[in-house]
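A.B. asks: Below, each chain spelled out in residue letters.
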Amino acid sequence: QKEVEQDPGPLSVPEGAIVSLNCTYSNSAFQYFMWYRQYSRKGPELLMYTYSSGNKEDGRFTAQVDKSSKYISLFIRDSQPSDSATYLCAVNDYKLSFGAGTTVTVRA
Amino acid sequence: EAQVTQNPRYLITVTGKKLTVTCSQNMNHEYMSWYRQDPGLGLRQIYYSMNVEVTDKGDVPEGYKVSRKEKRNFPLILESPSPNQTSLYFCASSLASGSAGELFFGEGSRLTVL
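Chains P and S, in that order, give the protein sequences. With the numbering used here applied, the first sequence closes on residue 358, and no number is skipped along the way. With the numbering used here applied, the second sequence closes on residue 259, and no number is skipped along the way.
Derived from the structure by calculation, the hints contain no laboratory data.
With a cut-off of at most 30 Å between alpha-carbon atoms, the simulated DSSO-like pairs for lysine-lysine come out as follows:
1) P/Lys292 <-> S/Lys210
2) S/Lys216 <-> P/Lys345
3) P/Lys292 <-> S/Lys162
4) P/Lys320 <-> P/Lys252
5) S/Lys210 <-> S/Lys163
6) S/Lys202 <-> P/Lys345
7) S/Lys163 <-> S/Lys202
8) P/Lys306 <-> P/Lys317
Everything numeric in this text was worked out from a predicted model, so none of it was measured.
Model the full assembly from the supplied sequences, consistent with the hints where possible.
C.D. replies: Below you can see the structure in the form of structure tokens.
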């Protein structure tokens, strides 16, 4: 069983829409949860991280962790064409394990 | 500028011809790692190095070697490349592994093995 599962999409939304991305993970011992963003022809870069359960907000981005259901979410409000990228969830124990990534296109 | 630099960025080679992908970081990071990225499979770890003295296999080490002779460099070696090693490769580094250590990635090396 993979440590983290992510729907690969792709996802296409109009500008201004809310983007919702989700992952599930297998090991209840995971404590650190991250979202990386990867633009085309670039390496991934850390977007947000959350420790344990709860929400974390950064501008238009909100990361949620529900440890009871082992579910990780990323929401993008008022999406912009510049948000078009692949988003990878990751869980961190002694190493990072990545989801497959969801490719998001925000149409102007 | 803080960065992870990989070379070459693009490479086409033939089966069995040894090649090396170099990786260098200028952030004085202890931890370095190599990943390959394939459609539908995401990022899979090939090898990692906790520091210059400790290197270990990741999830998909077969067909690869690494070397960590100095802190800043972590080359990936394909002794006898095969077509199933056609992929996009990323080198990454962080201050330390585990916990919330942010990984900094290079821009990737796209390798095609014919």
